[in-house]
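First to last, the protein sequences are chains A and B. Every letter in the first sequence is one number past the one before it in our numbering, and letter 96, counting from 1, is 96. Every letter in the second sequence is one number past the one before it in our numbering, and letter 92, counting from 1, is 92.
Keep in mind that the hints were calculated from the coordinates and are not lab data. Just so you know, these numbers come straight off a predicted model, no measurement behind them. Glycine is no exception: its CB is placed at the ideal position from the N, C-alpha and C atoms. Don't take every hint at face value.
[Claimed, not checked] Keeping only pairs whose Cα atoms sit at most 27 Å apart, straight-line, the calculated DSSO-like set for lysine-lysine is: (1) B:K151 to A:K4; (2) A:K140 to A:K45; (3) A:K4 to B:K543.
[What the hints assert, rightly or not] Facing chain B, according to a computed beta carbon distance under 10 Å, are these residues of chain A, among others: (4) R5; (5) W9; (6) I10; (7) L16; (8) E31; (9) L42; (10) T52; (11) R66; (12) L98; (13) M110; (14) L111; (15) T112.
[To be verified] Covered stretches of chain B (in silico footprint by chain A; criterion: 3 or more residues with CB under 8 Å from a CB of chain A, positions within the stretch not fixed): (16) 144 to 155; (17) 385 to 399; (18) 620 to 630.
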Amino acid sequence: MTRKRRRLWIVLLCGLGLGSAAALTLTAFEESLVFFHSPSDLAAKNIPPGRTIRIGGLVEAGSVDRTTTTDGKLQIAFRVSDGAASLRVTYTGILPDLFREGQGVVAEGMLTPDGSFRATQVLARHDETYMPPEVADALKRAGHWQPGEPPPPARDWNTLRPAASGGTSRLTN
Amino acid sequence: MIPELGHFALVLALLLAGVQSILPLVGAAQGERRGALLMATGPSAAIGQMLFVALSFFCLMWSYAVSDFSVANVYQNSHSLKPMLYKLTGTWGNHEGSMVLWVLILALCSGAVAGFGQNLPATLRARVLAVLGMIAFGFLLFTLLTSNPFKRIWPVPEDGRDLNPLLQDPGLAFHPPFLYLGYVGTAVAFAFACAALIEGRVDAAWGRWVRPWTLAAWCALTLGIGLGSWWAYYELGWGGFWFWDPVENASLMPWLLATALLHSAIVVEKREALKVWTILLAILTFSLSLLGTFLVRSGVLNSVHAFANDPERGVFILMLLAVAVGGSLILFAWRAPALEPKGLFAPISREGSLVLNNLLLATSCAVVFVGTLYPLFADLLFGAKITVGPPFFNATVFPVFVPLLVAMGVGPLLPWKRADLWAALARLKLAALVVLAFAVVWIAAVDRRLLPALGFALALWLVLAAATDFADRVRLGRVPLAESFARARGLPRAIVGGIVAHAAVGICLAGIAGKGIAPERITLMRPGDVTTVGPHTLRFDGKADIVGPNWRGTEGRLTLLRDGREVAVLTPERRFYPVQRMSTTEASIRTSGLADLYAVIGETSEDGATVVRLHWNPLAPWIWVGTVLMALGGLISLSDRRLRVGAPARRRREALAPLAAAE
């Protein structure tokens, strides 16, 4: 085996490796990218039910409701809001330790035909003072939170309305 | 006084690192004789730097031990009521403290090269130390400028804000040191690669020096990742062990490349081939370690446990990353073509199989890289918020790993240079037949799911192939048993280590596949209710309030029943830490070594029913047993006489003899 032929072998192998990696990545991307939408995004865009997405915002105070389904499971329903729009979310299972009213939350799941959101997974962060970046972003876009300020207190959250247009408006589209 | 002493020591270490990164390099450029004096500053500076960083680290630990809340870092991360163990481990349970640990480990590596590297050629050692000095300089500067752990506050608070309760756990207390040992250990291989490029020479001896360092770093990284996943399994309470979270991927990527480097360095050592590739791997492995540090500390990636969300720090590390990666790659582009290739081999040979191993490991690393960083780029370029989750990684990493694992069984049986694939396969006939029979029986009679079946079959394949390799080497059954035993004792440790590590991958894989068939049950239970999971029957006996040193909580009682008799009690907890106003879930795990029974309790609804989640995880403990055995294999290999750091002395004299004659 000459040096040239060995090099050819290695180049061919590398090409094969890179090619298959690229093919794998692209097909997997097609099926498994999960997009994040804020509740107001969902109201504006037309996202078909059944596609896996993530949503996020603050859990509205007083909106958490626990019921037992007929097959003996605990179903939790709550509303997630970014201040401009809110969405009903249902979930069966154990909520993360930091799930609380007024807390930032991210949920993965899909829209149901009745317009509510069926979560397969609810994520809350390790740290109570921490705000998921998507949620912080959604709040800022809805005009309710300026960088550097603490987020508005939980009890005010479900009474907030989109910021009035005027000098302090931060609604950007 | 103590904190100021620590701060001052850190500044002195920075100055020494500066000396270490310049003088030896100048000395090495002047040549072995004229620059001898300048090169001699390298080891002294490295050892001095090590002592000062150690002093600084000790001062910080002292401040934690005595709960000196006038130090901002201690105030923010400790509490006087915290158990002493977590006061001490809390030293590195935060960004600033963990940076001091990072530079301490780097300084220890530098010190070890200075102390044990007396057999290295003087110029190579000087250059390795200089590169390590530069890295240390960058990170000491980073620590002092952006994350000073010794900052004081006034007035002195009465008590601290406590450590994040999730970190108050032995698993996580010792996970960072091992992970850093791994991350930072790859810096040594990187420094050797850069030094070899400057030197313009890579030979078998170089491979022999780099391999133990890479091996040691790889062992630590393996243990660190294993500890992290074990902690996630028993502490986070979600029942899984790997989440494909960006922070986890940040440690997996350097592990994959370090594994590749480990194997390609063997080729350099034995055959003086693959030099350029090995150098590139060493550079990339450390670059990915730096990238991991950046991802975890900058908060750019959306992760469940990215900490220290601070843009200023992110920019600083990004600059360090750019200098280190950019600089070394430019050096590589400039000098690598000068490295003379040697050692021809056929595609079917041990070298060929190691090339395949490298290719597949690098490919899997590349897809993990794309999946981890794509959300970041998508956000920057298109403003789209995207998550790339487990489905992506399962779909991309599994197909690459299957051929890798199949080849892993065959590779060690191939001889160097030119091999007969059929002869190797013939030796594996028995193993292949057993695996095939197992797969058929499993799918027909036990479980029809394809992926776990494939996992079990591959696991069995790896263990049997390793056993075949061992049996062949000791000529088991072909010579009297006593002779086989004598042969086994005479086997080089590097070979034994390899066999153990390869079998360990199989054991770990069996655990992962077992997790793939694990049944779980989430159900509402009232006191007295009985439910089943897997082969077990459990009765819920209600909840009770409990109190700990710095927390309070509730404990659920689940009684394990066998034939109506009470066998054991599981007590999953939910704890609340008032200082941090945080709750945690403590899973209760009953293990038999072959399977885990895993219980978690959730909240209680108004009508008195509690959410209970139960998992029956067959073979789950093997995941971590496998990781520990992998690291053990590495350690056995590391203890090989031929790899001992002092060993290359004789060879070097031999290698230098013709040079001296030519002069």
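Hint by hint, work out which the structure violates, then give me just those numbers in ascending order.
-> 1, 3, 9, 13, 14, 15, 16 and 18
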